[in-house]
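Trainee: This is what each chain is made of:
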Amino acid sequence: MQNNARKQNSFRSGPDEAGHFGIYGGRFVAETLMPLVLAVEKAYNEAKADPKFQEELDYYLKHYVGRPSPLFYAQRLTEKLGGAKIYFKRDELNHTGAHKINHCMGQILLAKRMGKTRIIAETGAGQHGVATATVAALFNLPCVVYMGEVDIERQKPNVFRMKLLGAEVRPVTSGSRSLKDAMNGALRDWVGNVEDTFYIIGTVGGPHPYPAMVRDFQSIIGREVRQQILEAEKRLPDSLVACVGGGSNAMGLFYDFLDEPNITMHAVEAAGHGIDTGLHAAALTGGTAGILHGMRSYFLQDDDGQIQEAHSISAGLDYPGVGPEHAWLKETKRVNYVSATDEEALAAFQSCSKLEGIIPALEPSHALAFVMKIAPSLPKTHLMVVNICGRGDKDIFTVAEKLGVKL
Amino acid sequence: MKSALASQSNATADSGRIAARFASLKARQQSGLVTFITAGDPDLEICTKLLAGLPKAGADIIELGMPFSDPMADGPSIQSANLRAFKAGVKLSKVLDLVRGFRERDKDTPLVLMGYYNPVYVYGVEKFVRDAKGVGVDGIIIVDTPPEEDAEICQPSLNQGLNFIRLITPTTDAKRLPAVLHNASGFLYYVSITGTTGSKSAGAEPVRAALAELRRHTSLPIAVGFGITTPDQAKTMAQTSDAVVVGSAIVNRIASNLDGQGHAKVGLVEDVLGFVESLAKAAHNR
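Top line first, the protein sequences correspond to chains B and A.
Counting along the first sequence from 1, when you hit position 400 you're at 400 in the working numbering, and nothing is skipped either side.
Counting along the second sequence from 1, when you hit position 91 you're at 91 in the working numbering, and nothing is skipped either side.
Here chain A stands alone, though its shape is the one from the complex (with noise of 0.2 Å):
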């Protein structure tokens, strides 16, 4: 807490890393690469590591998740790296502590959580966001938190200078576009299949038509992910959006570097980092 507050001053001179960032991409004509991984994921030590190291690897936006019990939009994947963030002791607290570590170090790279509104809910939403910023992050995605039900956290998000980023879906219809897109910012986050994370993957055709239409209606960037799990189907989503996320297929070449007792085996951080530079270049040489 007490270094939260300090660092709120610096943390607020730096909002809009985000614009920032889409903003050089778009100037060297690149898309962008999002990173997801879990917080606190395979322990609180590698993952420290993991998350110094992706700005250098070549992930533009840094997407870390808040582990949550019951995470209803994530696949096998994810669902086991909440459970190994869980062992090494994540709390959300911890996960602020691990964004204040890196942005101690790097001022440039935007950060966003995503996560499950339920812990955020009970750590008392005002005090969340504030703690948010005051440690360096850019922005936030609330997995259940649909247009309907956000006020409650949109606005006090926006009110402090974090971003509130929306995810619009292939179910999203035009009735309902309007409102996902009011009070969105930063970027939008396109869910290219109707299915949990890393379930199934999206054709090239039906995301391109999706995302001409939603240019029609917003000047956002567009993110697209969910499903995206090879440098190959990076660089196809890359020609049509803005970035791409990459999620579980990280957590998994995570996964595939513990031991029997899910511990990290050595090189667990250079494996992944060389994983995530594979993406970069494919995203970025689109």
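Only chain B is shown next, with the shape it has when bound in the complex (with noise of 0.2 Å):
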């Protein structure tokens, strides 16, 4: 029955062969790049269609990421609020301690099957270059992480980390110096280093085929979701919460559900310090359409198109544009976009960790602190599905700083 009605009418069949969700995505790059984009492209078509490969996938993501992750009944958060029963998916707890490391062993193994034999990334809090360089280890690639000045002051932690892991991190000292500009940087070594480098992607953005690619490896969440659910509550949930930057968690836990009529998705931009203070990151929420790091999609920009600063608490969430597959979703109102501040994120970041025993990223606190909204005033019976993409010990200092302490 559900089957029919997603073939008919489904909102996850695309993109379309050349990238396209409506009128977002595409493969907006330089020519040097565009038979690379496609060389990735055609290798990942067939290593979908090659059972070996997801074979292999499947191995590593239980024996080495941990997966499946536990949902979790957050049942003192749930009391305090009074209203819907509030289920956690528990994606801090994979290895490196985020969501990042789902689409890193995918397009790691994708890597080592087109030969390739250097990797690159770009991060912003750091969690996808730890996790590039994890899995860079594990196979043995030398692997060069492109990381903002701004934030390799802000995340030391995950910096340490990453050259632990044997990751070169090298500061991007240009433009706003954050996450957009370490993207940049990512793919000028790309065009610089055209035959022997895979370009490992941390967000369902860039061009095609990425924003589809790293949504499938990361839609295993939503697919551990619905089992899980219907193990604990023999039915799926009334609605998903999830924070937004780029936008690879939420594409995660919402994919497997989309052709779901009666499941509500909400999706949580960083609105930094207010979206009517201009000081923010929320693409969909305040930005426009525009074109770039490959893709068109909503981007923060002025009125001559140049692309402006993102602001925000969260180093992951800091960036001026989103995915394109959630510009289209946007577009067809199939996701609720909404936004939560710098200070309502700190406070569903303490909220969290006193009531629950979990300490959440700043990330995915967007997502609590919506939670911490609309829960109330739904009725009990209502199953609310938020995905903690991400542990918060590497924010512990930016927190402290915020609440004054010292550590």
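Bear in mind the hints are in silico, worked out from the structure with no lab data behind them.
Do not rely on the hints blindly, as some may be mistaken.
[Said to hold, decoys possible] The following label-pair restraints were derived from C-beta to C-beta distances:
hint	chain 1	residue 1	chain 2	residue 2	range
1	B	Gly192	A	Asp173	13 to 21 Å
2	A	Gln29	B	Ser13	14 to 22 Å
3	B	Gly192	A	Ser93	53 to 61 Å
4	A	Asp173	B	Asp50	21 to 29 Å
Owing to the predicted nature of the structure, the values given are computational and were not obtained by experimental measurement.
Positions of the beta carbon are idealized from the N, C-alpha and C atoms, including for glycine.
With the hints in hand, could you dock these two chains into one complex?
Mentor: As structure tokens, this is what we get:
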């Protein structure tokens, strides 16, 4: 029954062959990179059709990453809010402490399959950089991670982790010296190293096939949730909540459920100091359509088409764009895009730590902030799943500073 | 806008400057010099003077960069030029003003705009190609729209009589070449290295071989660029190409004539144009 509905009018059929979700996505890259991007697409399509590739990926996800991650009934938070029954999808328990390892494992297996011998990546919070450095160490490939100078300063523990894992962290000093500039740095590296290098992109962004490929590798989150909630509650959830920077963890949670018409999906962007202050990272809530980093999507930009800096307490959400599939899901109104401020996220960070004994990363703290807003007004029969996509150890310095605590 | 429309009829009458320039170079058995500078670098006043002086210094075609906040195909030199232009208050409308000013005094030297898609997309493609043609632009190069994505800007450009100049790189394979050549006009821009602007230099032999292969598929003139920094290199590349493009080296020359505050030192224009003259001599007397 569901299957028929899906075929007739599916939210899961994108992108088209050229990588478009509606008008979004595509391959807006320099000619030098175009043949490389096409090669990645071809290799990925072949890998997808090869059961051995999936088998190998499953093996590493189970025995190295530690999947499946648990689905946990957050009883104290539920009782405190007095409304919806809240479940945590615990992707912060993955090896390296975030969901990023899901797509890194997939991409490095593809890189190996393509015979590439050098790995590059960009990172903001450092979670994707750490995950990339981790899989590069596991498969003994040299790895260069581009990271904005500003982020290097505010994410020191992750910088050191990457170095311990054998990666070279290259500071990016151009532009706003954060995530978008790190991505420029990685793209410039790729243009100069076309023969041997595989670019492991850290979100559902970049040129086709990356948005679809990263989504596919992350969609294991939603598939596990489906099975786990059916076991726990004998039915599917009523709503899903995830934070959105580039949008990888949200696509991972949502994708399997997009064609379930009764499930509401909320994606929470970073509102920084507040959308009306202009100092935020909410590309879908406060941005406009544009072209950057290989894709047409929503970006924070001025009226001259110059990309603006994003502002968020969370380095992982501090990106002025968003993946193209999210732009499409916003336009089709399938997903509800909302935002939470730095302050709201900070409050949620502390509540979750005290109520559940789980220190979440600042990124999913934005999702939790939204949960705290809407859960009280929902009936107790309402099942809500929120993706705890990273753990907060990396953020304790930032949070301490905000709270005026000297470590 | 007003003057853009007013000058449109004149500009239309002058279309084909690129073809005319390559024809006269061919008649003289010379390779041409394409000079790149970023619009508004280091400020609007100096840039206006540089533009005005380039033809006399020997530039055959002027390539004017439209500044962008995230120039992903450019190395540090042109990235810095973009920042200087922003500091000088350059927006896309000011780039077009610069061209208008240039074209009022120079009716013959072809001028092409080079940049990234987003500012053009936000300006509005139809309005952009109309206004560009109106102020006397002869062609456009958009770095991040490969043929697979450029229908939405290539066709409107051609409809306006603007040449749509495509980039070909060492990674462009035989399978994609027909798509790259389809609808290309004006000239082909052969990117001689795999890398950002100014990041490395190509050897003469691989470029010669690549151009020989290209010429089997196209009769368009071919300009070679990226990584040509000295008159000697210009001379070498001129031997196999219809034109050589020099960008980062000229931009570096501008940068080396700035004081600690980024202001132009006395003699910047003369020094930069002198350098262009040496490049032009090398390209012309290959």
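Trainee: Which of the listed hints are broken here?
Mentor: Checked against the structure, the hints that fail are numbers 2, 3, while the rest are satisfied.
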